[in-house]
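Protein chains in written order, with my numbering: chain E, 80 to 147; chain A, 5 to 353; chain W, 1417 to 1668.
Worth double-checking, as some hints may not be accurate.
Derived DSS-like pairs: lysine-lysine, alpha-carbon spacing no greater than 27 Å straight-line [said to hold, decoys possible]:
1. E:Lys115 / E:Lys82
2. E:Lys109 / W:Lys1423
3. A:Lys40 / A:Lys6
4. A:Lys272 / A:Lys286
5. E:Lys115 / W:Lys1639
6. W:Lys1618 / W:Lys1664
7. W:Lys1639 / E:Lys111
8. A:Lys290 / A:Lys320
9. W:Lys1423 / E:Lys102
10. A:Lys198 / W:Lys1618
11. W:Lys1459 / W:Lys1618
12. W:Lys1605 / E:Lys102
13. W:Lys1423 / W:Lys1608
14. W:Lys1664 / W:Lys1605
15. A:Lys198 / W:Lys1608
16. A:Lys272 / A:Lys297
17. W:Lys1664 / E:Lys82
18. W:Lys1639 / E:Lys102
19. A:Lys320 / A:Lys297
20. W:Lys1423 / E:Lys82
21. A:Lys272 / A:Lys348
22. A:Lys198 / W:Lys1598
23. A:Lys320 / A:Lys286
24. A:Lys348 / A:Lys268
25. E:Lys111 / W:Lys1423
26. W:Lys1459 / A:Lys190
27. W:Lys1423 / E:Lys115
28. A:Lys190 / A:Lys158
29. E:Lys82 / W:Lys1605
30. W:Lys1618 / E:Lys109
31. W:Lys1618 / A:Lys44
32. W:Lys1605 / W:Lys1647
33. A:Lys198 / W:Lys1647
34. A:Lys286 / A:Lys158
35. W:Lys1639 / W:Lys1598
36. W:Lys1598 / E:Lys102
37. A:Lys348 / A:Lys320
38. A:Lys198 / W:Lys1459
39. W:Lys1459 / W:Lys1608
Keep in mind the hints are simulated off the structure, nothing from the lab. Owing to the predicted nature of the structure, the values given are computational and were not obtained by experimental measurement.
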Amino acid sequence: MAKLTFRTDRCKGCGLCVAACPKGLIAIAKDKINQKGHHPAELTDPDACVGCASCATMCPDCIIEVER
Amino acid sequence: MKGNEAIAEAAIQAGCRHYFGYPITPQTEVAAYMAKRMPKIGGCFLQAESEIAAINMVYGVASAGKRVMTSSSSPGISLKGEGISYMAGANLPALVVNVQRGGPGLGGIQPSQSDYNQATRGGAHGDFHLLVLAPASVQEMADLTMLGFDLADKYRMTAMILADGTMGQMMEPVEIHPREIPECDKSWALTGTKMQRERNIINSLSMDPYDLERMNLERYERYAAVERDEVRYESYRMDDAEICVVAFGIAARVAKNAINEARKQGVKVGLIRPITLWPFPKAPLKAAAETCKSFITVELNMGQMVDDVRLATECKRPIITCNRTGGVIPSAAEVYNAIMNAQKGGQAE
Amino acid sequence: MSVVFQKPHALTDAVLHYCPGCTHGIVHRLVAEAIDELGIEGKTIGVAPVGCAVFAYDYFNCDVAEAAHGRAPAVATGLKRAEPSNIVFTYQGDGDLASIGTAETVHAAARNENITVIFINNAIYGMTGGQMAPTSLPGQVTQTSPYGRDVNHCGYPVRICEMLATLDGPEYLERVAVNNVKNVRAAKKAIKKAFQNQIDGKGFSLVEVLSSCPTNWGMTPVKALEWIDEKMIPYYPLGVYKDRSAGKGEAK
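Chain E on its own, in the form it takes in the complex (with noise of 0.2 Å):
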């Protein structure tokens, strides 16, 4: 039981976070634009997160928090 918060807006869409992932659970959400002018990062199987942090301790922006 995880929880991801992402600080959508501030997201520059570099896909660290998405490489970062064990599970492969983050992806660009190439339908959307944040006001920075990026497709933001998402978790896209939420249920599946064990909250393991890699992605948050790869994003360079610190946009991720996560609880578990």
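Given the structure of chain E, go ahead and fit chains A and W onto it with the hints provided.
For chains A and W alone, kept in the frame of chain E given last:
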């Protein structure tokens, strides 16, 4: 006491506990004195790896809100130029001593005043000034050092003692007394937030031209106050003078001898000796241009201060220049001859 | 549920100006986490460099001085000597620390100045748009080495940790990378140790962080992290180059 030592002891009495420098002739006694004294009074003397490092260590201590100084001689001051500009941009108070030697380049090690333009025009990139003090005795080396710290703190700017090799090496009796350090707001200093205040930032960078312009305008408001309130000069035998000699530092001492000789011959000649080179004593020179028929400038350079005299006197009177350069000091006889030339109505060179 | 990962307090809430995928942000966070965990924010003073991290003063939630290019170790020396009970760190890139500021770096290390130095090595000048750095690799194409860095013409890269390890002065020198989760965690440990050393009065502690510059390397952020593994780490091996208190590299 040597002039250089007087500077060092005066700095300590003014509350300076941090000195950073790099050896260079003819000011090394300042560092040597500090190296002996600082460890005994809980202060910090550190020989830096370069003049550049030294001035940036000064930047660090000044950022922490403490009194700090460095000293060097002409080529070393050029190296410090970068840090001096950054300190101006960041509004940091500090004292820089330049015991000048002949230039340009490596130049020589004999006395000179050829860094006048560098000192009075800031000496590095950007819109800024230093508060430039020119001692003409060992006592003034001490007194102006103390004053320099006070004024630097008061106006949040770098003060410079612009001395020369003669002043640095000269031995004279001197009295240095501990003194009250004026209260000064340093709430801007980097002391750690203690989690009790907003963080402080010491910085000279602004990416917004309007913001940078505002910062420069604010700085120049302080400069205007300095020009209004901090001009210092000595007026010597000027009451009835028809010829006005203008000289600072060692040149002024030589000029006084020549003036006294000329006075014996009945020549009405006096001296205006700028003590602050920036702010330059424009008003007394402007007034002298109303009463004197001619001016003589005496400098240990090719003629740098003379431009400020021309500006102050609005070019109303002829100016005879009496300059020696490369480390040569004009003799009293040379100044005397210039006075006699002026008396005969000789024209400016 | 409890929060297991969040923005450290020692980072301000300002949006970082760095390019997407630039690992400066990771290193900023690691420094801030170390400051938080050691409880030193109120007495920490940062020194920002010139280069991409020039705006670091906007990001660290403590007092910060902006230094002239390369002079951060000298400014930090002044700050530390002015108030030795404060914790002073510099954050510098490769141009700042290993080119224009080499002398300041070497001599702060030689003095074992009790400061913490975070050194970002991304093998390029980022802020000015991708010129050759002192740490650019042989053959690396940059704006000012468009045919690849020719070592016969402009020499070899500078290995800072190895060079400083020849000195008796410094306490602690370690090279880390931030190109994967495991390396980031190791980097965190090294950075925290570099601060702890200062708290303990041990002296000069420098952590060199192999970092990516996707924009100026001309790669995707993910590819840039792979390039660190493939190209940078072989030239700049990770590891502890000096840890005097632990008996590695005793002063002679």
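Here is how each hint holds up against the structure:
1. E:Lys115 / E:Lys82: It holds: about 24 Å lies between the C-alpha atoms, which stays within 27 Å.
2. E:Lys109 / W:Lys1423: holds (26 Å)
3. A:Lys40 / A:Lys6: holds (15 Å)
4. A:Lys272 / A:Lys286: holds (22 Å)
5. E:Lys115 / W:Lys1639: Distance ~23 Å between E:Lys115 and W:Lys1639 Cα, so the pair holds.
6. W:Lys1618 / W:Lys1664: Roughly 14 Å between the alpha carbons, so the hint for W:Lys1618 and W:Lys1664 holds.
7. W:Lys1639 / E:Lys111: holds (23 Å)
8. A:Lys290 / A:Lys320: With a Cα-Cα distance of about 9 Å, the restraint between A:Lys290 and A:Lys320 holds, given a limit of 27 Å.
9. W:Lys1423 / E:Lys102: holds (23 Å)
10. A:Lys198 / W:Lys1618: holds (23 Å)
11. W:Lys1459 / W:Lys1618: holds (18 Å)
12. W:Lys1605 / E:Lys102: The given pair, whose Cα atoms are some 25 Å apart, holds under the 27 Å limit.
13. W:Lys1423 / W:Lys1608: Given pair W:Lys1423, W:Lys1608 holds - Cα atoms ~16 Å apart, limit 27 Å.
14. W:Lys1664 / W:Lys1605: holds (17 Å)
15. A:Lys198 / W:Lys1608: holds (20 Å)
16. A:Lys272 / A:Lys297: holds (11 Å)
17. W:Lys1664 / E:Lys82: Given pair W:Lys1664, E:Lys82 is violated - Cα atoms ~43 Å apart, limit 27 Å.
18. W:Lys1639 / E:Lys102: holds (19 Å)
19. A:Lys320 / A:Lys297: It holds: about 9 Å lies between the C-alpha atoms, which stays within 27 Å.
20. W:Lys1423 / E:Lys82: Within the cut-off at roughly 15 Å; holds.
21. A:Lys272 / A:Lys348: Since the Cα atoms of A:Lys272 and A:Lys348 sit roughly 12 Å apart, the hinted pair holds (cutoff 27 Å).
22. A:Lys198 / W:Lys1598: Distance of about 34 Å is beyond 27 Å: violated.
23. A:Lys320 / A:Lys286: Holds, at roughly 14 Å.
24. A:Lys348 / A:Lys268: holds (16 Å)
25. E:Lys111 / W:Lys1423: holds (24 Å)
26. W:Lys1459 / A:Lys190: holds (17 Å)
27. W:Lys1423 / E:Lys115: The hint holds at about 20 Å.
28. A:Lys190 / A:Lys158: holds (10 Å)
29. E:Lys82 / W:Lys1605: Judged against 27 Å, a Cα distance of about 26 Å means the pair holds.
30. W:Lys1618 / E:Lys109: It is violated: about 50 Å lies between the C-alpha atoms, which goes past 27 Å.
31. W:Lys1618 / A:Lys44: holds (24 Å)
32. W:Lys1605 / W:Lys1647: Roughly 24 Å separates the two Cα atoms, so the pair holds.
33. A:Lys198 / W:Lys1647: violated (43 Å)
34. A:Lys286 / A:Lys158: holds (22 Å)
35. W:Lys1639 / W:Lys1598: Given that 27 Å is the threshold and the Cα spacing comes to 17 Å, the pair holds.
36. W:Lys1598 / E:Lys102: holds (16 Å)
37. A:Lys348 / A:Lys320: holds (18 Å)
38. A:Lys198 / W:Lys1459: holds (6 Å)
39. W:Lys1459 / W:Lys1608: holds (16 Å)
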